[in-house]
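Given the structure of chain R, go ahead and fit chain E onto it with the hints provided.
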Amino acid sequence: MGIYPPSLENLIVQFSKLPGIGQKSATRVALHVLRSNRDLAEGLAQSLIDVKEKIRFCSICFNLTDDDPCSICRDDNRANGSVCVVEGPGDQLAIEEAGIFKGRYHVLHGVLSPLDGIGPEHLKIGKLLTRLEGERIEEVILATNPTTAGEATASFLSRLLSEKDPSIKITRIALGIPMGGDLKYMDRMTLEHALKSRLPVTR
Amino acid sequence: MTTHISNAIIMRTWEFGETDLLVSFFTSDKGRLKGVAKGGRKSRKRFANCLDLLSLVKLEYELKRGRELYFLHSGKLVHAFPGIRSDFSSLSLASYMIELTETLFPLSVTDKEMFALLKNAFLALNEGKRNGVLRILFEAKAMALGGYRINLDKCCGCGRPYAGEGRAAFKQSKGSLACLKCEQESKLSPGLSPDSVKVLRVIQSTPWDKAQTLDLNNEMIREIKPVLKLHIEYRTGQRLKTAQYLE
Chain R
7 MGIYPPSLEN
17 LIVQFSKLPG
27 IGQKSATRVA
37 LHVLRSNRDL
47 AEGLAQSLID
57 VKEKIRFCSI
67 CFNLTDDDPC
77 SICRDDNRAN
87 GSVCVVEGPG
97 DQLAIEEAGI
107 FKGRYHVLHG
117 VLSPLDGIGP
127 EHLKIGKLLT
137 RLEGERIEEV
147 ILATNPTTAG
157 EATASFLSRL
167 LSEKDPSIKI
177 TRIALGIPMG
187 GDLKYMDRMT
197 LEHALKSRLP
207 VTR
Chain E
12 MTTHISNAII
22 MRTWEFGETD
32 LLVSFFTSDK
42 GRLKGVAKGG
52 RKSRKRFANC
62 LDLLSLVKLE
72 YELKRGRELY
82 FLHSGKLVHA
92 FPGIRSDFSS
102 LSLASYMIEL
112 TETLFPLSVT
122 DKEMFALLKN
132 AFLALNEGKR
142 NGVLRILFEA
152 KAMALGGYRI
162 NLDKCCGCGR
172 PYAGEGRAAF
182 KQSKGSLACL
192 KCEQESKLSP
202 GLSPDSVKVL
212 RVIQSTPWDK
222 AQTLDLNNEM
232 IREIKPVLKL
242 HIEYRTGQRL
252 KTAQYLE
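Residue numbers (the working numbering), protein chains in the order written: chain R, 7 to 209; chain E, 12 to 258.
Chain R with its partners taken away, still in its complex shape:
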């Protein structure tokens, strides 16, 4: 039997199931909820239920959304010809927050990882190929992360897409020295990419 009343103990247990929250943090949050007014608890409970009931995948790009299709897929002002392929909703959000890409997205929901038992059949790759048939896509931007699994996924997609439609333009996001980076601390792969992808200086 715990030192707290069962209902509080249960709340601590539930909070400690969340990633990055240990027993101590869970206790602190639970006690905060207990001390706060009823509105906070009701709002929190309702938000949790809403997120489970309302959030689903967009049937076109497979991003998380309240409405299907999502706001980006519904937006007529966005360029239809280019699709940016990302690993997960977080990556799509990062690009969207930068505000520089005005095309469409496709969320794969993972990367190829044989060690974790994740193969092509576990990702939204088939759906991307279906989109090529139904939409007038001129360019596919492969924006998976430059990790081993991300690179392998990009090259796998590149081969698959060019087999499906040889006329389609397939591009990969650039790799190299990040803004604010320091050459001294760069690894040889990054330096190699940066030098290979160097650009002429505009005068």
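What the hints contain is simulated information worked out from the structure, not anything from laboratory work. Keep in mind it's a predicted model, so treat the numbers as computed, not measured. No residue lacks a Cβ here, since even glycine has one placed at the ideal position from N, Cα and C. Check each hint, because a few of them may be wrong.
Said to hold, decoys possible - Computed spacing ranges between beta-carbons, pair by pair:
no.: 1; chain 1: E; residue 1: Arg52; chain 2: R; residue 2: Arg165; range: 25 to 35 Å
no.: 2; chain 1: R; residue 1: Leu181; chain 2: E; residue 2: Glu124; range: 27 to 37 Å
no.: 3; chain 1: R; residue 1: Glu127; chain 2: E; residue 2: Thr14; range: 38 to 48 Å
no.: 4; chain 1: R; residue 1: Leu24; chain 2: E; residue 2: Asn229; range: 48 to 58 Å
no.: 5; chain 1: R; residue 1: Asn16; chain 2: E; residue 2: Glu79; range: 26 to 36 Å
no.: 6; chain 1: R; residue 1: Glu144; chain 2: E; residue 2: Glu79; range: 45 to 55 Å
no.: 7; chain 1: E; residue 1: Asn229; chain 2: R; residue 2: Ala85; range: 44 to 54 Å
no.: 8; chain 1: E; residue 1: Ser184; chain 2: R; residue 2: Ala100; range: 47 to 57 Å
no.: 9; chain 1: E; residue 1: Val120; chain 2: R; residue 2: Val39; range: 46 to 56 Å
no.: 10; chain 1: E; residue 1: Arg52; chain 2: R; residue 2: Ser203; range: 22 to 32 Å
no.: 11; chain 1: E; residue 1: Asp164; chain 2: R; residue 2: Arg165; range: 41 to 51 Å
Structure of chain E alone, referenced to chain R:
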């Protein structure tokens, strides 16, 4: 406790807390280890892109008193094997090699030859060597290093030495050749020609550099592949998860 510096191959990583990484790595001098890289997901200085899967790195690490996990201080990328990263079939084979190594070598079991085998296999994969041949070379050598060398010298039934004449069958439960009088060729006891037996013997006993130059024709590959598959499944007691991506 002293700090060690070893060449290592990154086998697996798991996100740990907000910015840390739990890393499984195979070192040249201490075998397979597990450690925590504090800030490993964000550090641009201590772990500049060196904790990516399958990378060959120079790691600095130490075992804190009373802990089971090593503490990773820093790392430097030695080779990222770009040829493996840019091809899914190569990534699948490299992942299979990692899984087989994990199965054969428990934590902290040192084997310099196994480290060299893994590194050489990755280098060959990176250079675009034929995946079918590489798989056979790696499987046969890894099993031999793990203590499961296939007996190719004599029949496991009657004990008659195999003189390299006529076909023989592979008996899974014995991990050995059997003459056709003692064991009939079948799906569960695949047959081997004298040339295939000779090649398999050379692969098991010679260093990587020499084994790599062997000329395996398609017939040899077709014969040796099922033998090694049955041998691995029987000795490890499982079908490796990554094997499904090799076909």
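Could you say whether the range 47 to 57 Å given as a hint is met by the Cβ separation of Ser184(E) and Ala100(R)? 55 Å, holds
A range of 44 to 54 Å was offered for this pair. Does it hold for the Cβ distance of Asn229(E) and Ala85(R)? 49 Å, holds
Arg165(R) and Asp164(E) - C-beta distance against the hinted 41 to 51 Å: 45 Å, holds
Glu79(E) and Asn16(R) - C-beta distance against the hinted 26 to 36 Å: Roughly 32 Å apart at Cβ, these two residues keep to the hinted range, so it holds.
Pairwise beta carbon distance, Arg52(E) to Arg165(R), judged against the given window 25 to 35 Å: 30 Å, holds
Lying within 27 to 37 Å: is that true of the beta-carbon distance Leu181(R) to Glu124(E)? With Cβ atoms ~35 Å apart, the hint holds.
Range first: 22 to 32 Å. Now tell me if the beta carbons of Arg52(E) and Ser203(R) are that far apart. 24 Å, holds
Tell me if the beta carbons of Val120(E) and Val39(R) are separated by a distance inside 46 to 56 Å. 49 Å, holds
Using the beta carbons of Leu24(R) and Asn229(E), state whether their distance is inside 48 to 58 Å or not. 54 Å, holds
Regarding Glu127(R) and Thr14(E), is the given constraint of 38 to 48 Å on their beta-carbon distance met? For Thr14(E) against Glu127(R), whose Cβ atoms are near 44 Å apart, the range 38 to 48 Å holds.
Please test the hint of 45 to 55 Å on the beta carbon pair from Glu144(R) and Glu79(E). The hint (45 to 55 Å, Cβ to Cβ) holds, given that Glu144(R) and Glu79(E) are roughly 54 Å apart.
The structure is consistent with each of the numbered hints, conforming to all of them.
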